[in-house]
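S.K.: Quick note, the sequences are listed as chains A and B, same order. The C-terminal position of the first sequence is numbered 308 in numbering that gives the first Met the number 0, with every residue numbered one higher than the one before it. The C-terminal position of the second sequence is numbered 308 in numbering that gives the first Met the number 0, with every residue numbered one higher than the one before it.
For the record, the hints were derived by calculation from the structure and aren't laboratory data. Fair warning: this is a prediction, and the values are worked out from it, not measured in the lab. Treat the hints loosely; a few may be bogus.
Across the chosen pairs, the derived CB separations fall in these ranges [said to hold, decoys possible]:
id, chain 1, residue 1, chain 2, residue 2, range
1, B, Asp9, A, Lys206, 36 to 44 Å
2, B, Thr189, A, Ser112, 36 to 44 Å
3, B, Thr296, A, Ala223, 46 to 54 Å
4, B, Arg303, A, Glu12, 28 to 36 Å
5, B, Thr189, A, Arg137, 40 to 48 Å
6, A, Asp9, B, Ser225, 21 to 29 Å
7, B, Pro5, A, Thr270, 49 to 57 Å
8, A, Arg303, B, Glu255, 40 to 48 Å
9, B, Arg137, A, Ser7, 24 to 32 Å
10, A, Ser112, B, Gly108, 17 to 25 Å
11, B, Gly108, A, Gly143, 52 to 60 Å
12, B, Gly108, A, Gly94, 24 to 32 Å
13, B, Gly108, A, Arg303, 51 to 59 Å
14, B, Val209, A, Ser112, 46 to 54 Å
On the chain B side, residues computed to face chain A include the following (Cβ under 10 Å) [claimed, not checked]:
id, residue
15, Gly33
16, Val42
17, Phe61
18, Asp92
19, Arg116
20, Thr118
21, Asp119
22, Ala136
23, His157
24, Arg217
25, Thr264
26, Phe266
Backbone N, C-alpha and C fix where the C-beta goes; we use that ideal spot for every residue, glycine too.
2 protein chains.
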Amino acid sequence: MAEFRPGSADQDELRQDLLSHGILVASGVAGLYGHSATFDDIVTALDRMVTAAAAGDRPERFRFPPLLPRAYLERNNYLESFPHLAGTVFSFDGGNDEASEQAARATRGEDWSEFQRITDLVLTPAACYPAYPAMGARGPLPEGGVTLDLGAAWVFRHEPAGDPARMQSFHQREVVRLGAPDEVCAWRDTWRDRAAALLGSLGLNPKVDVATDPFFGRGARMLAASQRQQQLKFEILVEITDPEPTAVASFNYHQEHFAHTYGITTFDGATAHTACLGFGLERITIALLRTHGFDPTAWPAPVREVLWP
Amino acid sequence: MAEFRPGSADQDELRQDLLSHGILVASGVAGLYGHSATFDDIVTALDRMVTAAAAGDRPERFRFPPLLPRAYLERNNYLESFPHLAGTVFSFDGGNDEASEQAARATRGEDWSEFQRITDLVLTPAACYPAYPAMGARGPLPEGGVTLDLGAAWVFRHEPAGDPARMQSFHQREVVRLGAPDEVCAWRDTWRDRAAALLGSLGLNPKVDVATDPFFGRGARMLAASQRQQQLKFEILVEITDPEPTAVASFNYHQEHFAHTYGITTFDGATAHTACLGFGLERITIALLRTHGFDPTAWPAPVREVLWP
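Looking at chain A on its own, in the form it has when it is part of the complex:
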């Protein structure tokens, strides 16, 4: 089971400040918070900002729920690479007697998990996952490929932590590109620069860097080295708390991975390539609150102008 990752002194202090000011609402579980109106207003403004920045790509919009068919994770290698982060939905399987026993144990604080069976659903770990099978089912992409705007989607990572910027349930604001390799790479590079400029316009100090995913287990080092060498993942990092910067956006080039898995082809029948970008809306919100203070009405005018034009 994922162990609690304690926060640094700076992270603990920021979390306490956000809670004591009522900006986040504690739930009793590490990394699970309610959002106040102040917090939600910033999340919503960031969502709108990305929507506007993506409009020039003429994306097709979709919105997906926070759950995914279990079969998707089973097909796309997530369980090989990130078993520790996945969340699986279980549900009650039994009759009257089992229901009574389950409820009685729950009331007594005892283990009632034996009455639960795995369902065909898991929690969505990345906002773009439902988009690939949907696009594969449609037939070949049009010439020039397509861009998808997936809005602000709730995703789950099972990593309870003291750092308020490391939530278990949070919004990924994702845009996805599907097409020929050169189209997809050019789009990814354009957005990397565009995103850095957007975050800079918010008074943050963004740094772009090659990055790797948090692979699990024995193969982790090799997978990360290969990913880094091919520059498949970039992140934008900003200073939120000591001791190190926090990734607030990422840009991932999947090559043929998802297209091969779900049968996505270009207009001329070749296997498509895909890339996605995701902004971590809660992380950017926390970065803004830390940088500019807890009262957004007192933020610098140029920052307010970007968020609330």
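Chain A is fixed; fit chain B onto it per the hints.
M.R.: Quick look at chain B alone, frame taken from chain A:
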């Protein structure tokens, strides 16, 4: 395990129509759909409409994630009343060998659930559940109580069905009132009428009725009879498909239930009463699409004026 509930012929036809027009996106799991831009635009407009209708109550806004601490369900009797609808989050518990075996089994389509352990999280079954412990933790309510606007929250009900209006993962648009009994009852009655008027202004034909929750097992009939006799739950129903109308909004008076569980008191120290209302945004969206057609630009002008003023 919850059995698939087949749709009526009319429901199956509507589901097929929504999918073939690309308004909903199939996932392969019953009751789990992606939303097209057309669908999402209506959901978003309904959300805004409720926000505007609630503004006169001067609510405090919160937004909660689609997950809830497991301890909440264990304390608030949900597992006694609705064990069949609950979703529990499980996660991987093991090392390298277990991870390899889990992934291998998943690839072969075999059962890998033995490597999963219950976490301290469940799926949120009702949008208002996280609000009560948050309010209890704050201390006594102000004089006159408070109203909370919880926005459009994703909730989960484990009831796979053919009826497209019965989704497993959907948006509840909730508003909550906490205060003295007379304040709470008056608010609930006002909103019941206000909501019926709103739905009527959308060209639907709403009917208000006393209702009961889908209690599980042996005690179900008695619990439902008691709930009905005390008129604790009202629903607004509209005709979507044969053979019967569909509930698209509900109004629930909890009396002292949540306040007692989470220690919510009025300004003068009495146990508070609570009530909530929830609009089923996807159900209303489907009702509108069925009633006015699949092209919202061609909907009657008065309906468009309400949704896109």
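S.K.: It remains to establish, for every hint, whether it holds in the given structure.
M.R.: Hint check:
For aspartate 9 of chain B and lysine 206 of chain A, the Cβ-Cβ distance of about 57 Å falls outside the hinted range of 36 to 44 Å, so the restraint is violated. Checked against the hint of 36 to 44 Å, the pair threonine 189 of chain B and serine 112 of chain A passes, with Cβ atoms roughly 43 Å apart. At roughly 49 Å, the beta-carbon separation of threonine 296 of chain B and alanine 223 of chain A lies within the given 46 to 54 Å, and the hint holds. Checked against the hint of 28 to 36 Å, the pair arginine 303 of chain B and glutamate 12 of chain A fails, with Cβ atoms roughly 50 Å apart.
At about 46 Å, the beta-carbon gap between threonine 189 of chain B and arginine 137 of chain A stays in the expected band of 40 to 48 Å. A hinted range of 21 to 29 Å is violated for the C-beta pair aspartate 9 of chain A and serine 225 of chain B, which are about 53 Å apart. A hinted range of 49 to 57 Å for the beta carbons of proline 5 of chain B and threonine 270 of chain A is inconsistent with their spacing of about 38 Å. Distance hint check for arginine 303 of chain A and glutamate 255 of chain B: the Cβ-Cβ separation is about 44 Å, which falls inside the suggested range of 40 to 48 Å.
At roughly 28 Å, the beta carbons of arginine 137 of chain B and serine 7 of chain A sit within the given window of 24 to 32 Å. The beta-carbon spacing between serine 112 of chain A and glycine 108 of chain B, approximately 24 Å, falls within the hinted interval of 17 to 25 Å. Glycine 108 of chain B and glycine 143 of chain A have their C-beta atoms about 37 Å apart, which leaves the hinted 52 to 60 Å range violated. One distance hint, 24 to 32 Å for the beta-carbon pair glycine 108 of chain B and glycine 94 of chain A, holds here, with the actual separation near 28 Å.
One distance hint, 51 to 59 Å for the beta-carbon pair glycine 108 of chain B and arginine 303 of chain A, holds here, with the actual separation near 53 Å. Against the hinted window of 46 to 54 Å, the Cβ-Cβ separation of valine 209 of chain B and serine 112 of chain A comes to about 37 Å, which falls outside the hint. Restraint check, glycine 33 of chain B versus chain A: the minimum CB separation of about 5 Å is within 10 Å; hint holds. With a least beta-carbon distance of about 8 Å to chain A, the hint placing valine 42 of chain B at the interface is held under the 10 Å criterion.
A hinted interface residue such as phenylalanine 61 of chain B counts as satisfied when its beta carbon comes closer than 10 Å to some beta carbon of chain A; here the least separation is about 5 Å, so the hint holds. The interface hint given for aspartate 92 of chain B is met, as the beta carbon of that residue sits about 5 Å from the closest beta carbon of chain A, less than 10 Å. At its closest, the beta carbon of arginine 116 of chain B sits 6 Å from a beta carbon of chain A; the interface hint therefore holds under the 10 Å criterion. This hint holds: threonine 118 of chain B has a C-beta 7 Å from the nearest C-beta of chain A, less than the 10 Å allowed.
Hint on aspartate 119 of chain B holds. Least Cβ distance to chain A is approximately 5 Å, under the 10 Å limit. A cut of 10 Å between beta carbons decides the hint on alanine 136 of chain B: the least distance to chain A is about 7 Å, and the hint holds. Among the interface hints, the one on histidine 157 of chain B holds; its C-beta lies about 5 Å from the nearest C-beta in chain A, closer than the 10 Å criterion. Satisfaction of the interface hint for arginine 217 of chain B is found here, the shortest Cβ-Cβ separation to chain A being roughly 5 Å, below the 10 Å cut-off.
For threonine 264 of chain B, the interface hint is violated, since its Cβ never comes within 10 Å of a Cβ in chain A; the closest pair sits about 19 Å apart. For phenylalanine 266 of chain B, the suggested interface contact is broken, since its CB lies about 19 Å from the closest CB of chain A, more than 10 Å.
Hints 1, 4, 6, 7, 11, 14, 25 and 26, counting from the list given before, are not met by this structure.
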